[in-house]
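**Q** Here's the letter readout for the chains.
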Amino acid sequence: MASANRSLNRYFNINGWFFVAPAALLIGVFMVYPILYSLWMSFQTGKGMMTQFGGLANIRRLFDDPMFMLALYNTMIFFIVQVPIMLTLALFLASLLDNPNLKFRGLIRTAIFLPCVSSLVGYAVLFKSMFVQDGLINSTLVGLGISDHPIPWMTDPFWARVLIIIAITWRWTGYNMIFFLAALQNIDKSIYEASRIDGVPSWGRFFYLTVPMLKPVILFTTVTSTIGTLQLFDEVRNIMTSDAGSAAGPSNSALTLSVYIYNLTFKFVPSFGYAATVSYVIVLAVALLAVIQFYALREKD
Amino acid sequence: MDRLTRTLSSVFTYTFLGIMAFLSIFPFIWMILGATNNSNDIVTARSASAVR
Numbered sequence: 539m540a541s542a543n544r545s546l547n548r549y550f551n552i553n554g555w556f557f558v559a560p561a562a563l564l565i566g567v568f569m570v571y572p573i574l575y576s577l578w579m580s581f582q583t584g585k586g587m588m589t590q591f592g593g594l595a596n597i598r599r600l601f602d603d604p605m606f607m608l609a610l611y612n613t614m615i616f617f618i619v620q621v622p623i624m625l626t627l628a629l630f631l632a633s634l635l636d637n638p639n640l641k642f643r644g645l646i647r648t649a650i651f652l653p654c655v656s657s658l659v660g661y662a663v664l665f666k667s668m669f670v671q672d673g674l675i676n677s678t679l680v681g682l683g684i685s686d687h688p689i690p691w692m693t694d695p696f697w698a699r700v701l702i703i704i705a706i707t708w709r710w711t712g713y714n715m716i717f718f719l720a721a722l723q724n725i726d727k728s729i730y731e732a733s734r735i736d737g738v739p740s741w742g743r744f745f746y747l748t749v750p751m752l753k754p755v756i757l758f759t760t761v762t763s764t765i766g767t768l769q770l771f772d773e774v775r776n777i778m779t780s781d782a783g784s785a786a787g788p789s790n791s792a793l794t795l796s797v798y799i800y801n802l803t804f805k806f807v808p809s810f811g812y813a814a815t816v817s818y819v820i821v822l823a824v825a826l827l828a829v830i831q832f833y834a835l836r837e838k839d
Numbered sequence: 007m008d009r010l011t012r013t014l015s016s017v018f019t020y021t022f023l024g025i026m027a028f029l030s031i032f033p034f035i036w037m038i039l040g041a042t043n044n045s046n047d048i049v050t051a052r053s054a055s056a057v058r
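First to last, the protein sequences are chains A and B. Heads up: the first sequence runs through residues 539 to 839, numbered per the working numbering. Heads up: the second sequence runs through residues 7 to 58, numbered per the working numbering.
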């Protein structure tokens, strides 16, 4: 009996491995191997394919590289400013749309969600055409008297960053709103009824009931938004590309870590090893910020 | 007072959601408008004057 069980177990084990093997092989070849190879490359120095082991030379180079520091600074500015604005707006919109008596609820929800189905390059080009010096936005702002001169969205470092923040917020607010809305619809409405009977004001219900119950979703959206912002590439590359060839805005004001990696690999003299080191900075930054966010939003009994 | 608060809250909700919905779909409308213009019209911003 025992030997029959053992052979049956072996049969299921072999069958299990047989089913998992193709997926495991593909993950190994296309994910694990490139990750490990790029880690190995991050210790290589040299130009193009002429590389040799350089130890920690690339890490030392990071600290002496003003361009890397600028890219890190810009990425952090986008992260610190854009993520809170977007998530607050998404949460606010979701709580307004959670009202079952609201008219045109489906229509408004669809309209706000629509931007996230647009292609990244497509919307970036569209925003570029709308925000150029004599484009629609400046014509409207000047025409309505909101601004007395066209805003230099593409030529001023401050406004270039503002433009990128507007573009990302437009694209991703609806996406995050859907997560909040789904979580809000799962909250038992009798809790709100009880708090209303107890005389809790609406702001109190929001801050002391809704927000604590949405903590897991807030954590999820914060982590995914952090990852997205630290990997910011398409918008900067497409909105800020000028005829002169710069793809990082005026005075590199929109240069992000991902754009810098692209430049190191494909635009400057190829430095694959150093680009791999900068890539690992993004990995470490994402991991560090995710740990901080998990700690800050952990469940407290 | 309660009724006034409810009305004001309703006005704020619909106005805010209306503005957000408009801002969300406007670039798509602009894209469709752009698709009906030839490249020269887009470069010289003539499509913008169609909206103005």
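It is possible that some hints are incorrect.
What the hints assert, rightly or not - Some chain B residues close to chain A (C-beta under 8 Å, calculated; not the full set):
#1 T21
#2 F22
#3 M26
#4 S30
#5 I31
#6 P33
#7 F34
#8 I35
#9 W36
#10 I38
#11 A41
Rather than coming from a laboratory, the hints here were simulated on the basis of the structure. Note that the structure is a prediction, hence the values are computed from the model and not measured. Glycine included, each C-beta is placed from N, C-alpha and C at the ideal position.
**Q** All the hints need checking, so say for each whether the structure fits it.
**A** Okay, the hints, checked on the actual structure:
no., hint, verdict
1, T21, "violated, 11 Å"
2, F22, "holds, 7 Å"
3, M26, "holds, 6 Å"
4, S30, "holds, 5 Å"
5, I31, "holds, 5 Å"
6, P33, "holds, 5 Å"
7, F34, "holds, 7 Å"
8, I35, "violated, 11 Å"
9, W36, "holds, 6 Å"
10, I38, "violated, 11 Å"
11, A41, "violated, 11 Å"
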